[in-house]
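K.L.:
Quick mapping for you: the protein sequence lines, in order, are chains P and V.
Using my numbering, read the first sequence as starting at 1 and increasing by one per residue.
Using my numbering, read the second sequence as starting at 1 and increasing by one per residue.
Read the hints as simulated data drawn from the structure, not as lab findings.
Values in this document were obtained by computation on a predicted structure and should not be read as measured data.
Please note that the accuracy of each hint is not assured.
[What the hints assert, rightly or not] To be clear about the criterion: a stretch of chain P counts as covered by chain V if any three or more of its residues have a C-beta under 8 angstroms from a C-beta of chain V, and this derived list gives those stretches:
1. 51–64
2. 116–122
[Said to hold, decoys possible] Restricting the straight-line Cα-Cα distance to at most 20 angstroms, the calculated cross-link-like pairs of lysine to aspartate or glutamate (EDC-like) are:
3. V:67 with P:122
4. V:67 with P:31
5. V:43 with V:71
6. P:133 with V:71
7. V:30 with P:122
8. V:93 with P:113
9. V:43 with V:84
10. P:133 with V:38
[Claimed, not checked] Pairwise CB distance ranges (calculated):
11. P:124 with V:19: 39 to 47 angstroms
12. P:106 with V:35: 15 to 23 angstroms
13. V:50 with P:6: 27 to 35 angstroms
Ideal Cβ placement from N, Cα and C applies to all residues, glycine included.
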Amino acid sequence: MTSPLQLCVRRTPASGVPALATQVNVRMPSDVACIEQTVSLVTHHCLAGTAATDRLRFRLQVAVAEALANAVMRGNQEEAGKSVLVEAELFPDRICVQITDEGIGFDPTQVPEPVRPEQIGETCGRGLFLIRKLVDEVHFNEQGNSICMTLRRR
Amino acid sequence: MGFHQTKDGGGVLVVRVDGQLIVGNRQELKDLIGGALDRGERKFLIDFARTGYIDSSGLGALVSLSKRVRELGGELRLSGLNEDLRSLFELTKLDTLFAIADTPEQALANF
Numbered sequence: 001m002t003s004p005l006q007l008c009v010r011r012t013p014a015s016g017v018p019a020l021a022t023q024v025n026v027r028m029p030s031d032v033a034c035i036e037q038t039v040s041l042v043t044h045h046c047l048a049g050t051a052a053t054d055r056l057r058f059r060l061q062v063a064v065a066e067a068l069a070n071a072v073m074r075g076n077q078e079e080a081g082k083s084v085l086v087e088a089e090l091f092p093d094r095i096c097v098q099i100t101d102e103g104i105g106f107d108p109t110q111v112p113e114p115v116r117p118e119q120i121g122e123t124c125g126r127g128l129f130l131i132r133k134l135v136d137e138v139h140f141n142e143q144g145n146s147i148c149m150t151l152r153r154r
Numbered sequence: 001m002g003f004h005q006t007k008d009g010g011g012v013l014v015v016r017v018d019g020q021l022i023v024g025n026r027q028e029l030k031d032l033i034g035g036a037l038d039r040g041e042r043k044f045l046i047d048f049a050r051t052g053y054i055d056s057s058g059l060g061a062l063v064s065l066s067k068r069v070r071e072l073g074g075e076l077r078l079s080g081l082n083e084d085l086r087s088l089f090e091l092t093k094l095d096t097l098f099a100i101a102d103t104p105e106q107a108l109a110n111f
């Protein structure tokens, strides 16, 4: 069976800009069943050839998994005709991963904190909170349908 | 990848999570535990010694299962969380909601 994922990896030639070594793009259908494979692909290409710590690998895996789940379920509402784009830029000191869906977007400032005592027993609402705790920087575009996460290599 | 279940001598259903516990397979775990509850099982241990990562949907599934088990007079415990996995429970304060043991043996010792 062929994979429904479209992967594109561009490595900058030696004469190119040394600060940006590699770009990794993956387009994924709006299907939660594809999330694990996408996380695996993105993590593999983002950390290939580097001495990544287990902690960095874990932070990257969970952050990408959370952002993909939000994009598929909340952004694209699991509509079969829509897809999610993952664009990773790899620098010597950091990894930047942007994940964009085709939804109408949301206001990230309106998402409640899930660790207030009355929220702890809730069964959902921890995704964005975990992303913010696991990565070094989080930015959204104005529409709120694209998240950009930066993880420093340390 | 998947869920491996065994029955402990003390009547505890031990479910080992091989791979990830995420949005794509959380329902499978809920169905597995739900089916066992329907059969009368009341003691559950979920072991994460072979788990790579858990997402917020997986955490939510554990919260939901824990509530359901408690409502039926049972108990659900967790074990085998490495430092990274344990940090997810600590960040979300879910470590206050679950009985978490280092190993399955420790969890089963006084179940």
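K.L.:
Can the restraint linking residue 30 of chain V and residue 122 of chain P be considered satisfied, given a maximum Cα separation of 20 angstroms?
P.N.:
holds (16 angstroms)
K.L.:
Go ahead and decide if the range 39 to 47 angstroms is satisfied by the Cβ distance of residue 124 of chain P to residue 19 of chain V.
P.N.:
Since residue 124 of chain P and residue 19 of chain V have Cβ atoms about 22 angstroms apart, the given range 39 to 47 angstroms is violated.
K.L.:
Counting residues of the stretch 116–122 of chain P that have a beta-carbon nearer than 8 angstroms to any beta-carbon of chain V, does the count reach 3?
P.N.:
Result for this restraint: holds, n = 3.
K.L.:
Lying within 27 to 35 angstroms: is that true of the beta-carbon distance residue 50 of chain V to residue 6 of chain P?
P.N.:
Since the Cβ atoms of residue 50 of chain V and residue 6 of chain P sit about 31 angstroms apart, the hinted range of 27 to 35 angstroms holds.
K.L.:
Between residue 106 of chain P and residue 35 of chain V, does the beta-carbon spacing fit 15 to 23 angstroms?
P.N.:
Hint violated: Cβ distance 36 angstroms, outside 15 to 23 angstroms.
K.L.:
Would you mind confirming whether the straight-line C-alpha gap from residue 133 of chain P to residue 38 of chain V stays at or under 20 angstroms?
P.N.:
At roughly 38 angstroms apart (the allowed maximum being 20 angstroms), residue 38 of chain V and residue 133 of chain P break the hint.
K.L.:
Are the Cα atoms of residue 43 of chain V and residue 71 of chain V separated by 20 angstroms or less?
P.N.:
Holds, at about 13 angstroms.
K.L.:
Are the Cα positions of residue 43 of chain V and residue 84 of chain V separated by 20 angstroms at most?
P.N.:
violated (26 angstroms)
K.L.:
Hinted pair, alpha-carbon criterion (20 angstroms max): residue 93 of chain V, residue 113 of chain P. Please report holds or violated.
P.N.:
holds (12 angstroms)
K.L.:
When you check the alpha-carbon spacing of residue 67 of chain V and residue 122 of chain P, does it fall within 20 angstroms?
P.N.:
Given that 20 angstroms is the threshold and the Cα spacing comes to 10 angstroms, the pair holds.
K.L.:
Does residue 31 of chain P lie within 20 angstroms of residue 67 of chain V when you go C-alpha to C-alpha?
P.N.:
Measuring from Cα to Cα gives roughly 28 angstroms; hence the hint is violated.
K.L.:
Hint check: residue 133 of chain P vs residue 71 of chain V, CA-CA at most 20 angstroms. Holds or violated?
P.N.:
violated (32 angstroms)
When each numbered hint is compared with the structure, violations occur for hints 4, 6, 9, 10, 11 and 12.
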